[in-house]
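Build the complex from these two chains, which are given one at a time in their own frames, with help from the hints.
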Amino acid sequence: MNSLLNTGRPPVFCPGCSHERITKALDKALSNMGLSGENVVIVSDIGCSGLFDTFFNTHAFHGIHGRALTYAAGIKMAKPDLNVIVTMGDGGLGIGGAHLLAACRRNLNLTLLILNNFNFGMTGGQFSVTTPPEAQVGSGFLNRLEKPLDVCDIARSAGAPYVARCSSYSGDLPDEIEKAVRFDGFSIIDIWGICPGRYTKRNKLTPQIIDESLAGLSSCSGIVEENKRIEYGHNYREISSKLKKVAPPGGIRAEFIFPESDRQEVMILGSAGQRIITSGDILCIAGITAGLNVTQKNDYNITVLRGPSISEIILSPDDIGYSGIEKPSVIIALAQEGVDRRRYVFSDLDESTLIIKAAGVDIPESRATMLNVDFKTRGIKSQDWALVSLAILAKIKKVINVDMLNASLKLVFRETVLESALELVKRVEI
Amino acid sequence: MSLSLLEGNEAVAWGAMTSGCRFFAGYPITPATTIFNTLLRIMPPAGGICLQGEDEIASMGYCLGASMAGLKSMTATSGPGISLYSEQISFAIGSEIPLVIVNVQRLGPSTGSATRGADGDINFMRWGNSGGLPVIVLAPVDIKDCFVLTMHAFNLAEEFRCPVFLASNKEIAMTKESIDLDAVEKPRIIDRIQSKEENFLPFAVKEGSMIPEFLPIGGKTLVRQTSSTHGADGYITTDPGIISRFQNRLKNKLESAIDSFSFHASFIEENAETLIITYGVTGRAAKVVIDEQKKAGKPLSLLILKTLWPVPENLIRDKAKNAKNVFVFEMNMGQYVCEIERILPDKKVKFFGRMDGRLITPRQIMEAISNE
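Line order of the protein sequences matches chains A and B.
Just so we're aligned, residue 0 is where the first sequence starts under numbering that gives the first Met the number 0, counting upward by one.
Just so we're aligned, residue 0 is where the second sequence starts under numbering that gives the first Met the number 0, counting upward by one.
The hints are simulated quantities; they were obtained by calculation from the structure and are not laboratory data.
For clarity, every value in this text was computed on a predicted model and none was experimentally measured.
Check the hints yourself; a few may be wrong.
To be verified - Keeping only pairs whose Cα atoms sit at most 30 Å apart, straight-line, the calculated DSSO-like set for lysine-lysine is:
no., chain 1, residue 1, chain 2, residue 2
1, B, K143, B, K195
2, A, K23, B, K219
3, B, K143, A, K244
4, B, K349, A, K326
5, B, K219, A, K27
6, B, K143, A, K243
7, B, K323, B, K347
8, B, K346, B, K323
9, A, K326, B, K143
One chain only, chain B, in its complex shape (with noise of 0.2 Å):
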């Protein structure tokens, strides 16, 4: 046992030094700051790279060069630095780049609040990129999914090649709590593939797989990467066959595979007609109601969501087949519950939203239940 206290932040530096991570790229923002302090102090002594970008448009061409060069990377940042970030996102999306991206959101719109937090970037993460390919969001629920969510956020973006979010938010990334890093249960380490192809090309997929293989720039086989529609060679083709294949593996490789990552919590009770979907924070409120209630012999279901983008369809159909009535929390004015809505037409979908630079609270999410 080695217990410790520790921001959400902290935690989500260990979680990527623990994954392999070693080259970091940042610009200074609240309430993300804490990453680069910490990764700064941590990888550099390891042998990693830790870069202060002049901006966050660098901050995250920095990490793109590395990423191809062979490093496993990552940069933070508030949801001012994502609209910076956004066609570097798009180029990551379209040229296949692994890359983990730390929105540690904060009351919007714009510079908004810098110290008070919200989950107002859901929808941003997945559609601010040009040609509105697929990404994935994962979303922490408290400190220990700071670290393991960090963790699986590289997997992913090695796995998949593409670049991976992890939607924290100020009132998880700067509260500190106690944590037993020894004691939790840390995914198995995935590493991108690394071609043995004689004749390397470095988008070409192998039969039954969607995502190429990967050889770093700077090695012994020449290796192309561009930012312009290509073909397998990584040059620019204006094929419509090709791109449309191209296109449809981009949104595929993804799409196909989200039953293997839909990460969730789930407390399903039998008799309950209502189910309270939520993710972030907001989970831990949600958790206290259910607990209560069930107490009380009124029980209620609850999910939270801890993969948000490409949406888990089939989990979140499979847990609300019971429920009459579906209850969506979130610190925002309303973005997923339109996922929800989409996919359970036949279900009563209610929402309930904050967006004001405080928790919802337990008694809020029982009072909007009571009241219908």
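Isolated chain A (complex conformation) (with noise of 0.2 Å):
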């Protein structure tokens, strides 16, 4: 089987680093899977595990530290047919930790391989979310300080379908990567090593003492059934493939008698749940309808069903510039709360402007034509007093006409809703 290493660039580690080993390992496997360089990109974090991408002969794709996994997604989405492999050390993880959570729960087709040497080497040895308390290493005495965490068992309760755990200086490391890279989902390989340059300075660490540690720990030997499930990737596409093409927008046309002759602003001031964006959206269809250019603001609180909801339109034959309302010619007033956030607006109108207002709501004086509507005595409810006020207007032919309301309302409503939006319409008396 051809090796996929880089002879041009041979590994740099320092004399004794596990990293090597690995490096060795995970040509083997490549190798023995038959794959050549097109079939394989790694992708490498920030520290000794970043140089992984240089010693092979594969696609490579280097990043910033902690987010392997997330360039690496964005490739496989892209390259379903791609082995991604992913080279991260205990910095990584710890720097990355949503990404690996993201990793997990999701289950794309990528295999990581921790690099795990419980130490920052690169930049001096300093504690990883994987140095034990009583280390001696290059963060003082912040180590003693915390836990170290066990990835293991928290890619498996992420999520990961398949978790092993295994020593550098396994001979069966070559098996482990091969089995990790051919399984159809999420892998991950905590792979324990020694950092001669920082770590084994002032830390006892061999071989020996890593079996050792090993063989105490919980069982982590790939499959973890409970998570076993569906590949994200495949998913995605099966999922995808059965939904319907959208359309692109349009389908509005341009057929009606503007009853204006130039710009006009509307704004309606309710409450939430009175249907006052969806008015807004069918005052601006009606203009639509009559070829005008429109525009429509809302304000509402982030909060459903509660608090102030507003909708400003702008109907205009000419090109709306400044998209703002300084001079309405009409104000729905519907709920106190509405009426209150715009309250700045009424001192200055004049009897050009027609305020039409729901029994009860309590407006700032203005010398505004006023129409008093008891919505509550006519048999209306709340969530239909803005469409009532736009058939008001489209009957006395301000802004709107009976047509363009009706045209509009085909187009956003269907069915049974449509057809009692077009009999509220027609049952509205002035």
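Quick look at the structure:
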């Protein structure tokens, strides 16, 4: 079998570094699988694990600390047939913790090799998320204060379907890597090793100690039965392939005559649940059916069914420059909280503005023309007040007419909702 | 004719689809979320991929991976997300990864006001990367720009192999407007140049060009990508000569080409002493002012910049050549005005800014100019 090692760039690790053993084991696994370089991408993290991509004649992607799994996911989604191998140290595990959890939950077919040597080798041996509290490392006393984590436990509980743990010195390492790469889903191998440059300068760690430590931990030999499920990419493509293509927007025809001659600004001031935004849509689309330019700005709280709801609409035969409302032609005042949020507009109004006001709503003093409507005694439900207000405008041919309104309703609603809306408009008397 | 009522964000999504974007990843954030919502609805059925990242950093990571695997990619966020994007933006700049980043700006600082508009990230987008190399930033004024400039953003990302920002604003992004998408004049779609070299080097540039040709990760030819300082072969280099040429190329490939993508709208009156310079949604109020003033026989000139970075210096100098006074209006406390002052040292440059979540009104613009 052909080796994929880049003979022009041999490993440059410190003498005795177990990363070199992992490099060779990875090469053996890939060549045992009969893969050529074009079938593989090595996505490497930062630190000594970040050197891995340079030692292989494969596709390579080397990015920012802790983010290797994110690049790998983008590549795998774009190129589902590619074997994607991620090399990351115990440092990347900590800084990229959120990405590890996401990868476990997602189950995209990536293989993560964790080159776990219990410290940040490249920056001077600082403590990582796997450093034992009793170790002497480059972070002074700080590692004594924190509990190291077991990445295999975390991966299993986060949903990884394949979790294995082994020593860099194990003769089975190439086979372990091959099994993980062949697994159709997210696979992790936590590979314990020795950092002679930093860690073992002040701490005793030998292959034998690693074996003894591993023997004392829960067994992790690959497939996690309770997490077995369909691979993310297959699942994504299968679901997507059944979705109906969405047609580009369009379909509104300009066919009616605008009953006004110039720009009209309308404010609908209500509360959540009164279908204020929907009515704004209806008014805008009614405008488009008369060939007008329209803009609509909505203002509402993030909560649902509580708080003010405001829609501000401009309809104009000319281009709409400034999209704010300065002098509305119509204000539809349906709830106190909506009115209160726009109190500042009322003082400047004159009689050219029509205010349609629901009975019981207090509005600031103004010179505007008032139309009081007692929706309740007319037996109209609160969620229909805005639509009925539009119907009033249509019937007095202010801003819109009945043709425009009905055409808009036919574009916005379907079936029974449409029928009842049309009926509601028909019944409105001035 | 095919009219519709769309949010600016929806127009961005359709502009991306029309450009051939087939990968989106983002993290929910007001006021950018409806870009994700729209693309999730329209992209997977068209064979594309739309992902929700576990955070903004991941969303960018997915996009960078997918772009290097050959897919046109986009992400969208607001100021707090741009903050998190920063490390990946630097990566995309230095490693020449095509990507469109939509920043639907909201009122800052920090989490600020999620549903209030501002143009507060103008300098942040330009300078929020390690190394300080240039990026492209385009600024839409209205719904049509949201569609067209998104297409230009993809073209520029592909042509120059770089991240391109669309500097949107809540006031455009979440405002619905009428638009006839069929009638919009669309730019010709540009795709990154695929290398045909036998001995492909991922960052080699041909004589007379400043942009490396592309091959995707996962193709027949092996491709290397790295965030580290690299030579043409994509391996780390410490050679100061190579590094210097590389840094200069990254700067010059954008700055030397700015005249070819200085998007703008201008209304220059021969007899006007005052030129208004603005961008984004404020351009709309400024247009109202100059139209009114022209009718009143007191003409003003107006330049609405739609390319903000690299600074279109020649365009600005040319449009300002007959003006005595230049008035810059921004929905922030004064950012781009520093560039205008730098470029036009012989003009009297004045500034008016507003950053309270509301639009600059035509009346405010008029008052600011009259008070001078």
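Just pull the numbers of the violated hints for me, sorted ascending. Going through the list in order, the structure violates hint 1 alone and respects the others.
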